[in-house]
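Engineer: Below, each chain spelled out in residue letters.
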Amino acid sequence: MALVKVENLYKTYDRVRAVDGVSFEIQPGEILGLLGPNGAGKSTIINVLCTYAQPTAGEVSVAGHSVTAEPDAVKRVVGVVPQDIALYPDLNAVENLRFFGRLYDVPKARLEGHIGELLALVGLTEHASRRVEHYSGGMKRRLNLAVGLLGEPRFLMLDEPTVGVDPQSRNAIFENIQALNRQGLTILYTTHYMEEAELLCGRVAIMDEGRIIALDTPQHLIRTLGTGLIHVGVRDVDEEMLARLQALPQVKAVTHHNNTLAFETVDAQRALLDIVGLFNETDTAMTSLEILEPNLESVFIQLTGKQLRD
Amino acid sequence: MKKLLYIALNELLLLRKDRMAAVWMIVLPLGMTFIGGLVFGAFGGGSEAAVIDLPVVDQDRGQMAAAVLEVLSQTENLNLETAYDEETARGLVTDGKRAGAVVIPSGFSSAMASGQPTALQLIVAPSGQTAPLLEGMVRGVTSAFSNVQTTVEVAIREVQRATGSADLDYEGIAGRAVATALERLHDPAVSARITTVGSEEEEFDVSAQIVPGYAVMFAMFSVLSAAGGILEEKERGTFKRLLISPVRQWSLLGGKLLAQFLVGVGQIALMFLFGALVFGMDVGHSPLGLLLITLATCWATTSLGILLVAVIRSRKQIHPITTLIILGSSALGGAWFPLFLMPRVVQQVGRVTLVAWAMEGYNRLMILGGNLADVWVNIGVLILYGAICFAVGLKLFRFKEA
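Protein chains in written order, with our numbering: chain A, 3 to 312; chain B, 47 to 448.
None of these hints come from the bench; they were simulated from the model.
It cannot be assumed that every hint is accurate.
What the hints assert, rightly or not - Calculated pairs, DSSO-like style, for lysine-lysine (alpha carbon to alpha carbon, straight line, at most 30 Å): (1) B:441 - B:143; (2) B:48 - A:110; (3) B:446 - B:143; (4) B:362 - B:446; (5) B:48 - B:441; (6) B:143 - B:280; (7) A:110 - B:143; (8) B:143 - B:362; (9) A:7 - B:446; (10) B:49 - B:280; (11) B:362 - A:110; (12) B:63 - B:49; (13) B:441 - B:362; (14) B:49 - A:110; (15) B:49 - B:441.
Whenever a hint applies, use it, and build me the whole structure from the sequences.
Structural biologist: So, in structure tokens, the structure goes:
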């Protein structure tokens, strides 16, 4: 039975539809990734799931509790790691954790031990008594994660948890998430970094403009939708040349935009030989050349015509 | 309820950790109150006016000149210096060493006795701040002596008319008339009787105005600044984190308001303690009245804070707006000067501020020697003021931004 159920979720802010009919389920112990550019609706879904925002329409439940009818029950099973560093900079790590721990009803006898465990998990034990304002960005992100785990949630939501983080802290956060998942924690992970989604998530929902446009395992998405992409910079190209390029056997589609030809290919390596050959034959100059292997980025580009970081 | 207290405790912990807050909430108010006390003479004796040294050059040496010197010497806060000649006295004024000097010209007494015009000469520096004061004093003296001269003239005419004789002892009559008139100067037949209402032996304790005034003003700064902290938390994301934790909204807001309220009460208590220890401030006869007016003031201030946070939704806006409100209401509400010394219009306008109701209460308890019964209305109005601000603020307060 799914731990999280989202059915036909709509959320509108000031006439802007942030989430437009989204449905998905998350099974216990699963990591589901929400992959999409800024403004795709990922954070709004988290806001609804943690009861911060009311759905405009649709049914949303966590562990069998409706987010609208039983928000208190939902709050007790979810943990949230927000995109903002939601910590008190004047307090140290222990003071931050102690305060939020009390709000999450962690028993007094258990609280100090739990704080120690969490600090050890995120690697901040040695910095426990330092004011958070003196932490690096990565350390703040790790403490942000620890606060999200204070209530010992069954379902953890992480909203872009690696934004502005150094590679070392990013790896530490990945390891934390994988370790928590191995212990059975169900996780919803939003990102616009396709590498993170591929690395961490069992399934990925690709979002754009408030909708889920694809939902599957990263491998299956790449296998079925991913194509090798080749970008060729040109000064000018006529319709006849475009038609000849489109007709190449390894090319699925070609578009011309801003002096760049974007090729979706069946096999990027083979298509490249054909494309270069035709450019030589017609004596057409290339100003740049870029080959993108099939991945979630290329899946997203194929599905939306946009880049993830747009 | 437990979580409300946790949130209040966390607010106080944050305050303790904020070093600048300690400066704003303790050092600055105490420092300003100390300076205010120095300026307005709260240390005792400061309310006495300064003594003005006034050189008087007597070039006449006659009976009338002596009378002028006597009248001037009996004027309060004047120290007559009669050893200088005119040139030296003029030099002292020119150099700014004296505010002014008086010259009694030669022939002053004989002119007075014979009814001829004459004048006292007052030398003042053009920009001297005490020049108008000296001018007023000298005008008072010349006016009195003008009356003396008139009296002498009338007396002689009347004697001439009654006796029909021109062979009279003019000098003798003039001398007696002058002597009588001078006596009357000191002991006038008609005088103004000024009745002072209130206890004669109680002097106005300046610190009893300054300390509560500054305490209320700085408590407003602290409380409204803490209210602005809610906006800071909203921008930082911690307010959202609190909202998605298992905490009721009323606990969240209640905890923050409780902390602000306690900060206000603590700050006023500290200022009063400072006033009592440093200035020997008289806190009146009603500790309960003081406590209740303080609690009511802090309740009203805290509620005003939540109203402002509900209406103003940006941290950049809240500081200038609260500063304007605090300074404006402090000036109009009597935090700087006693309300009862202000023009009636200002007193009426000031009534819209919570400061006016608080300060009137403190003035009644600490300056006019009132008791709890004298400040019930003030306490009631402050509680009502707070209740209205709280209700409207809560109605407009947005826990979530969308």
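Engineer: Please name the hints from earlier in the document that this structure breaks, with their numbers sorted from lowest to highest.
Structural biologist: 1, 3, 6, 7, 8, 11
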